[in-house]
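Trainee: Sequence:
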Amino acid sequence: MLQTTNVKSLQVGIKHKLMGVDADLRFVGICPSFNSQACEKGWFSPYLFASARTPMIPRANDFSICQFFGPFSASAGDYALAHKLLSESMHTLALCDPNPQTDIGTNRMLILFTGISPYRANMWSTSRRPGCGTIIFHLLDGCPALVVPVTNRAPICAWSPWTLAQMRAAQYALNPPTPGTGAYSAEWQHEQVCEWLDGVVSVPHITPTVRDKYVDVLGRSVSLVINGALALEKCQPLLGRLDPERAGIVMFRY
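Going by the working numbering, the sequence shown opens with residue 88, and the numbers climb by one from there.
Hints are supplied without guarantee of correctness; some may be wrong.
What the hints assert, rightly or not - Derived PhoX-like pairs: lysine-lysine, alpha-carbon spacing no greater than 20 Å straight-line:
{"#": "1", "residue 1": "K95", "residue 2": "K171"}
{"#": "2", "residue 1": "K321", "residue 2": "K95"}
{"#": "3", "residue 1": "K102", "residue 2": "K171"}
Claimed, not checked - Pair ranges (Cβ atoms, derived):
{"#": "4", "residue 1": "A260", "residue 2": "L311", "range": "20 to 30 Å"}
{"#": "5", "residue 1": "T294", "residue 2": "N122", "range": "34 to 44 Å"}
{"#": "6", "residue 1": "S310", "residue 2": "A260", "range": "13 to 23 Å"}
These are computed hints drawn from the structure, not numbers from a lab. Remember, it's a predicted structure, so these values are computed and weren't measured experimentally. Think of the CB as a built atom: it goes at the ideal place given N, C-alpha and C, for glycine as much as any other residue.
All chains, full assembly: derive it from the sequences and hints.
Mentor: Printed below as a string of structure tokens:
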């Protein structure tokens, strides 16, 4: 397993021409919330807020994956961000050619563990700048990125609701967490992510050498992404500005 030895912080701008429109969010695996006051599941929503796409996440329900279907930012800024995060990732697990310059006949999805921070003064309002949302992404070299080919059912971006803070709490828990109790479980998150990816992956565009066994390869690859995050407990001095309540697994289509 990879070990994090460096954290790279990237300040990115998301150009847009929007005036506070509602984000088109669709949720997978909806169930009644165990805690209607909890807000961790919306940990990645500042990304949409910064680019003037207002997210509305219901407190009454929990979900396994939050999907964002629009609107696009200007000049395909969401795709450009995916290209940047991919190029800056130290390690990439690919079930197809990850190079965005290569036409494989379909879109790809980038899956990675990352953290986000506001532009200035620890205030998210500073990230929502006119015409160009500005946000800081933190990439960890011990957390590999995963690239898979996807069908036209794939969203522009998506995220898993579990945060690094919840992962840590589960690691310190006296009793092992179990699925369906509202507490974090690595096995449960793995199942949620793999089940969702299986519904959007384009099997004909997977590299031929792994196509027949892609389910196993995909499962092991997602495990490496999650395990990279779980291993961060040993790397506390390196994490710096990484806020565990604003860090988790995200997916970007490109």
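Trainee: For every hint, state whether the structure bears it out.
Mentor: Here's how the hints hold up against the structure:
Proposed proximity of K95 and K171 is supported: the alpha carbons are some 12 Å apart, at most 20 Å. Taken as a hint, the K321 and K95 pair is honoured in the structure, with Cα atoms around 17 Å apart against an allowance of 20 Å. Distance check on the hinted pair: K102 and K171 sit about 14 Å apart at the alpha-carbon level, within 20 Å; holds. Between A260 and L311 the Cβ separation comes to about 23 Å, which falls inside the hinted range of 20 to 30 Å.
A hinted range of 34 to 44 Å for the beta carbons of T294 and N122 is consistent with their spacing of about 42 Å. With their beta carbons about 20 Å apart, S310 and A260 fall inside the hinted range of 13 to 23 Å.
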